[in-house]
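2 protein chains.
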Amino acid sequence: MAKKLTSAILLVEGGRQDADLVYTSGFSAPDPVVLLVNGRRKSLVVSLLEFGRAKAEARVSEVLTPQLLGLEGVARNRLSQWAIAVVKRARLRTVRVSANFPVMIADQLREAGIRVEVSSGPLFPNRRQKSPAEIKEITKTQRAAVAAMRAAMEWIRSADRDRRGYLQQDGKRLTSERVRRLIEQRLLESDCAADETIVAGGCQGAEPHERGHGPLRTGQPIVIDIFPRHKQSGYCGDITRTVVHGQPTPEVARMLTAVKAAHGAALKAVRPGVAVKTIHGTAQETLLQYGFETTVKNGWGEGFIHSTGHGIGLEIHEAPSINLSSTRLMLGDVITIEPGLYYRRWGGVRIEDTVVVTREGAKILARCPYP
Amino acid sequence: MAKKLTSAILLVEGGRQDADLVYTSGFSAPDPVVLLVNGRRKSLVVSLLEFGRAKAEARVSEVLTPQLLGLEGVARNRLSQWAIAVVKRARLRTVRVSANFPVMIADQLREAGIRVEVSSGPLFPNRRQKSPAEIKEITKTQRAAVAAMRAAMEWIRSADRDRRGYLQQDGKRLTSERVRRLIEQRLLESDCAADETIVAGGCQGAEPHERGHGPLRTGQPIVIDIFPRHKQSGYCGDITRTVVHGQPTPEVARMLTAVKAAHGAALKAVRPGVAVKTIHGTAQETLLQYGFETTVKNGWGEGFIHSTGHGIGLEIHEAPSINLSSTRLMLGDVITIEPGLYYRRWGGVRIEDTVVVTREGAKILARCPYP
Chain A
1494 MAKKLTSAIL LVEGGRQDAD LVYTSGFSAP DPVVLLVNGR RKSLVVSLLE FGRAKAEARV
1554 SEVLTPQLLG LEGVARNRLS QWAIAVVKRA RLRTVRVSAN FPVMIADQLR EAGIRVEVSS
1614 GPLFPNRRQK SPAEIKEITK TQRAAVAAMR AAMEWIRSAD RDRRGYLQQD GKRLTSERVR
1674 RLIEQRLLES DCAADETIVA GGCQGAEPHE RGHGPLRTGQ PIVIDIFPRH KQSGYCGDIT
1734 RTVVHGQPTP EVARMLTAVK AAHGAALKAV RPGVAVKTIH GTAQETLLQY GFETTVKNGW
1794 GEGFIHSTGH GIGLEIHEAP SINLSSTRLM LGDVITIEPG LYYRRWGGVR IEDTVVVTRE
1854 GAKILARCPY P
Chain B
1494 MAKKLTSAIL LVEGGRQDAD LVYTSGFSAP DPVVLLVNGR RKSLVVSLLE FGRAKAEARV
1554 SEVLTPQLLG LEGVARNRLS QWAIAVVKRA RLRTVRVSAN FPVMIADQLR EAGIRVEVSS
1614 GPLFPNRRQK SPAEIKEITK TQRAAVAAMR AAMEWIRSAD RDRRGYLQQD GKRLTSERVR
1674 RLIEQRLLES DCAADETIVA GGCQGAEPHE RGHGPLRTGQ PIVIDIFPRH KQSGYCGDIT
1734 RTVVHGQPTP EVARMLTAVK AAHGAALKAV RPGVAVKTIH GTAQETLLQY GFETTVKNGW
1794 GEGFIHSTGH GIGLEIHEAP SINLSSTRLM LGDVITIEPG LYYRRWGGVR IEDTVVVTRE
1854 GAKILARCPY P
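Read top to bottom, the protein sequences are chains A and B.
Under our numbering, think of the first position of the first sequence as 1494, with each following residue one higher.
Under our numbering, think of the first position of the second sequence as 1494, with each following residue one higher.
Each hint should be verified, as a subset may be incorrect.
A pair holds if it fits inside one copy or across any two, identical chains being indistinguishable in the list.
Straight-line Cα separation of at most 25 Å, SDA-like style, residue types lysine to any residue; simulated pairs [stated by the list, open to error]:
no.	residue 1	residue 2
1	K1535	V1789
2	K1581	K1761
3	K1770	Q1740
4	K1790	A1812
5	K1548	H1706
6	K1790	R1621
7	K1535	E1627
8	K1581	N1593
9	K1761	R1821
10	K1581	D1513
11	K1535	R1586
12	K1548	G1796
13	K1633	E1647
14	K1770	P1525
15	K1535	W1793
16	K1548	G1707
17	K1633	R1674
18	K1548	A1758
19	K1790	E1555
20	K1633	V1515
21	K1548	C1696
22	K1856	S1624
23	K1581	D1600
24	K1665	Q1725
25	K1629	E1670
Source of the hints: derived by calculation from the structure; they are not laboratory data.
In this text the structure is predicted, and so the values were computed from the model without any measurement.
Make the full structure from the sequences, and use the hints.
Following this line, the structure appears as structure tokens:
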């Protein structure tokens, strides 16, 4: 096992969501790059057109290009050749890669006589435990999410209703699309982007990942889930509220009460050392106590059909998942707590906050009222 | 070769950029899903919480869940088990996967006795040739990009300059950040998102992928590169203009003239059947004729240091790359034409349009003035 822990790590990543690359080097690029982490030595290989930016921005020991690696002709354009060249240059015979490493490059490394250890867990386990600086960045994004949520809640609260029960703002029907745009404009003002924002009214909310569309009505639950990424830092935030304009139906009122109770109970269960299944179990039991059962029939699930939460950082979903596993929370984990209930007849209810695990338990990063 | 072409295709994708999945099934999800394309039969495996949405939205023959595949316990949470189960259910012994397929799942398929053919080219070569409906969607995104570009150009054009040459709007310094926010707000109004937008003034523009930061000055080249994605359709657009407030220096004026000429010459070279290297060569030669050489020294490249363009569709960069290869253009290719010059002393100049390849040559999808 000692050998596994000391293998050099090879990353081939690119695009905006290259969390391991950003975490290790502070660098990201629209096109793929190769990074070899050999103990403390980090060698980054980039194309010619990223060289200057990488020299200026990347926290690495050296920045290389295919040219500097001595590659010629078509090999200069082949990421697998970059990878083989940088590994051979370091005289390594084994590298460790992530489970998602591209199979073609892995196969070509193997053909070149390099052993490829595929990591089933995270390549950088320390990424889970957030530093004070990282918590500050996540909080910054979360504050932007809360500001956008407050604006959306106020817009829905202050809406008029027409004779048919549809919400109106500025003389026009209030739709999921309009609320989403308001939210995303607010996020942009804080330099945050959200490619997907959920504003799902009525039965649409019964699908946890339905974005929502069309006019919103009074008396219906409206699930608003905002999960932006800060454009500079790359750190994410995540918050959900379920609002009702006017009076909810008795069923939805009961769902709201139950989910709020499950959310509170799960939050209370958060502390360093606790198994995530204890937190998930607490949320499940609370919902059951309120009479809400989870059923699966022919593929359709109703009730509490997802985990209680997930880690969050440079990725919107990262370790640990707050599910049935025995993983234990640790100081510095940043996680969401987001129980929910989904019934096709009534719609969805979900309440979510993002918290950091402290010695005193869960600390909510940015407070937002529960309507 | 016939066998290769008829192998079933296995996708394990997730996230917003899952272009093959969206292309084949019309479905996307924030978490990974498995899709098996076996001739005309498409089997999609999703988690319980995506089942209803997948049933409603995915253009597939069947939607499965781990439960419906008969998986029990921890296997239900393992994508590799979903993949093995759906392949075995179809009684297949070979599957074809993309070069980027996750190595861990590929290895586990192999251990389960399934042959994994790794495709070096695209899994769905037809994705390159855009249908009229796709061209319409790309045009829609491109029009939003042009509207945002016009707003940004007008904002810079109408700016005042202070005594030190810094641009001013509304009594405040005009910065890259302010122009970028204006652009992204305009894009949002058209339901388009841009996680990265380049507004790079002066020497910053010498790095092709530098986003740009800080105050903008008169007399400097400012590279503005807008590449949004439509939030509904997922189709991308891409446009670049280089603007100068006031008088450019003689060097920058020469660069602007040369790049505009290279852009025009490359556009003229576009037609079905032409090798992409002919187009790239045309751009290179034109820039040389204007006296601009490309040099590489110790990793630093100056001059024309990237390809002339790239295919664009559900991905911002897709096939074909307009580089030194012998690939030939075909009717329905949608590509960018974007020659540029980069010198650390003077900054960057790039001009880019997105065009569709028609019988008559390049047709610009949305026109925008060249300042």
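How the hints compare with the structure:
1. K1535 x V1789: between (48 Å within a copy, 23 Å between copies)
2. K1581 x K1761: neither (51 Å within a copy, 44 Å between copies)
3. K1770 x Q1740: Cα proximity of K1770 and Q1740: none, with 35 Å in one copy and 66 Å across.
4. K1790 x A1812: neither (29 Å within a copy, 43 Å between copies)
5. K1548 x H1706: between (45 Å within a copy, 17 Å between copies)
6. K1790 x R1621: neither (36 Å within a copy, 40 Å between copies)
7. K1535 x E1627: Within one copy only: 21 Å inside, 42 Å across.
8. K1581 x N1593: both (22 Å within a copy, 22 Å between copies)
9. K1761 x R1821: within (15 Å within a copy, 63 Å between copies)
10. K1581 x D1513: within (22 Å within a copy, 33 Å between copies)
11. K1535 x R1586: This pair counts as within: shortest intra-copy Cα distance 17 Å, inter-copy 41 Å.
12. K1548 x G1796: This pair counts as between: shortest inter-copy Cα distance 18 Å, intra-copy 52 Å.
13. K1633 x E1647: Within one copy only: 21 Å inside a chain, 32 Å across chains, cut-off 25 Å.
14. K1770 x P1525: between (37 Å within a copy, 23 Å between copies)
15. K1535 x W1793: between (48 Å within a copy, 20 Å between copies)
16. K1548 x G1707: between (48 Å within a copy, 20 Å between copies)
17. K1633 x R1674: Answer is both; intra-copy 21 Å and inter-copy 18 Å each pass.
18. K1548 x A1758: neither (49 Å within a copy, 34 Å between copies)
19. K1790 x E1555: between (56 Å within a copy, 16 Å between copies)
20. K1633 x V1515: Only inside one copy: K1633 and V1515 sit 18 Å apart there, 33 Å across copies, limit 25 Å.
21. K1548 x C1696: between (52 Å within a copy, 15 Å between copies)
22. K1856 x S1624: within (15 Å within a copy, 52 Å between copies)
23. K1581 x D1600: both (16 Å within a copy, 23 Å between copies)
24. K1665 x Q1725: For K1665 and Q1725, the Cα distance is within 25 Å only across copies (22 Å; inside one copy 35 Å).
25. K1629 x E1670: between (31 Å within a copy, 22 Å between copies)
Taken one by one, the earlier hints fail for this structure at numbers 2, 3, 4, 6 and 18, listed in ascending order.
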